[in-house]
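All residue numbers for the sequence shown refer to the working numbering, where the first residue is 1 and numbers rise by one.
Simulated from the structure, these hints should not be mistaken for laboratory data. Hints may contain errors.
As the list claims (entries may be wrong) - Only pairs whose alpha carbons sit at most 30 Å apart, straight line, appear in this in silico DSSO-like list of lysine-lysine:
{"no.": "1", "residue 1": "Lys74", "residue 2": "Lys44"}
{"no.": "2", "residue 1": "Lys73", "residue 2": "Lys22"}
{"no.": "3", "residue 1": "Lys44", "residue 2": "Lys61"}
{"no.": "4", "residue 1": "Lys44", "residue 2": "Lys22"}
{"no.": "5", "residue 1": "Lys59", "residue 2": "Lys74"}
{"no.": "6", "residue 1": "Lys74", "residue 2": "Lys22"}
{"no.": "7", "residue 1": "Lys61", "residue 2": "Lys74"}
{"no.": "8", "residue 1": "Lys73", "residue 2": "Lys44"}
{"no.": "9", "residue 1": "Lys61", "residue 2": "Lys109"}
{"no.": "10", "residue 1": "Lys109", "residue 2": "Lys59"}
{"no.": "11", "residue 1": "Lys22", "residue 2": "Lys109"}
{"no.": "12", "residue 1": "Lys22", "residue 2": "Lys59"}
{"no.": "13", "residue 1": "Lys59", "residue 2": "Lys44"}
{"no.": "14", "residue 1": "Lys61", "residue 2": "Lys73"}
{"no.": "15", "residue 1": "Lys109", "residue 2": "Lys44"}
{"no.": "16", "residue 1": "Lys61", "residue 2": "Lys22"}
{"no.": "17", "residue 1": "Lys59", "residue 2": "Lys73"}
{"no.": "18", "residue 1": "Lys74", "residue 2": "Lys109"}
This one's a predicted model, so the numbers in the text were calculated from it and none came from an experiment.
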Amino acid sequence: MSEKMDDWQFWCDGMHIARGLKQVATNGYMGIDASGELVLFNNKGEEAVRAPITEVEAKLKTWYGDTVIVQGKKYHLEFAPLGRAALGRSFGAIGGLVAGALASRGEDKRSPNEKRDDFARVVAQLQGQV
Numbered sequence: 001m002s003e004k005m006d007d008w009q010f011w012c013d014g015m016h017i018a019r020g021l022k023q024v025a026t027n028g029y030m031g032i033d034a035s036g037e038l039v040l041f042n043n044k045g046e047e048a049v050r051a052p053i054t055e056v057e058a059k060l061k062t063w064y065g066d067t068v069i070v071q072g073k074k075y076h077l078e079f080a081p082l083g084r085a086a087l088g089r090s091f092g093a094i095g096g097l098v099a100g101a102l103a104s105r106g107e108d109k110r111s112p113n114e115k116r117d118d119f120a121r122v123v124a125q126l127q128g129q130v
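Between the sequences and the hints, there should be enough to build the whole structure, so can you do that?
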């Protein structure tokens, strides 16, 4: 994460990322760098996964949630930290409002839906689906 956020085609923080039962990040980061590589970071900002976006399969807004498949491994994505994501799932719209109110000032101000839509747009553009 030593690069500036301006060098990224897509960037968001406050990510809950899991692979099976293993938590990659409960409040991590995700981005697509200038060279078109998807990078998933853990809570400490350490790189956990990196792959060219052309080799990534993104399945967003499905019945089973949001996932990316990288090098044959499926990662479940929540575009909100673990606590906020769980609160929103448990209590619907009211939980989402409460979770939003609990967000820190330095956190990405986009809603989880806005983050997901921005990610989907950049992925489609880079994979030539637009």
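Exercise. Taken at face value, is the distance from the CA of lysine 73 to the CA of lysine 59 at most 30 Å?
Worked result: holds, 13 Å
Exercise. When you check the alpha-carbon spacing of lysine 61 and lysine 109, does it fall within 30 Å?
Worked result: holds, 20 Å
Problem set entry | Hinted pair lysine 44 and lysine 22, Cα distance within 30 Å | holds, 16 Å
For this session: Quickly compare the C-alpha distance for lysine 74 and lysine 109 to 30 Å and report which way the hint goes.
Result: holds, 27 Å
For this session: Compare the distance between the alpha carbons of lysine 59 and lysine 74 with 30 Å, and conclude whether the hinted pair is satisfied.
Result: holds, 10 Å
For this session: Mind checking the alpha carbons of lysine 73 and lysine 22 for me, to see if they're no more than 30 Å apart?
Result: With Cα atoms ~12 Å apart, lysine 73 and lysine 22 stay inside 30 Å; holds.
For this session: Would you check the hint for lysine 73 and lysine 44, treating anything up to 30 Å between C-alpha atoms as holding?
Result: With a Cα-Cα distance of about 22 Å, the restraint between lysine 73 and lysine 44 holds, given a limit of 30 Å.
Exercise. Does lysine 22 pair with lysine 59 here, judged by a C-alpha cut-off of 30 Å?
Worked result: Measuring from Cα to Cα gives roughly 19 Å; hence the hint holds.
Problem set entry | Pair hint outcome, lysine 74 versus lysine 22 [Cα-Cα no greater than 30 Å] | The given pair, whose Cα atoms are some 11 Å apart, holds under the 30 Å limit.
Exercise. Can the restraint linking lysine 59 and lysine 44 be considered satisfied, given a maximum Cα separation of 30 Å?
Worked result: Holds: lysine 59 and lysine 44 sit about 26 Å apart, inside 30 Å.
Problem set entry | lysine 61 paired with lysine 74 [C-alpha distance capped at 30 Å] | Judged against 30 Å, a Cα distance of about 15 Å means the pair holds.
Exercise. Holds or violated: are the alpha carbons of lysine 61 and lysine 73 at most 30 Å from each other?
Worked result: holds, 19 Å
Against the hints set out earlier in the document, no violation occurs for any number.
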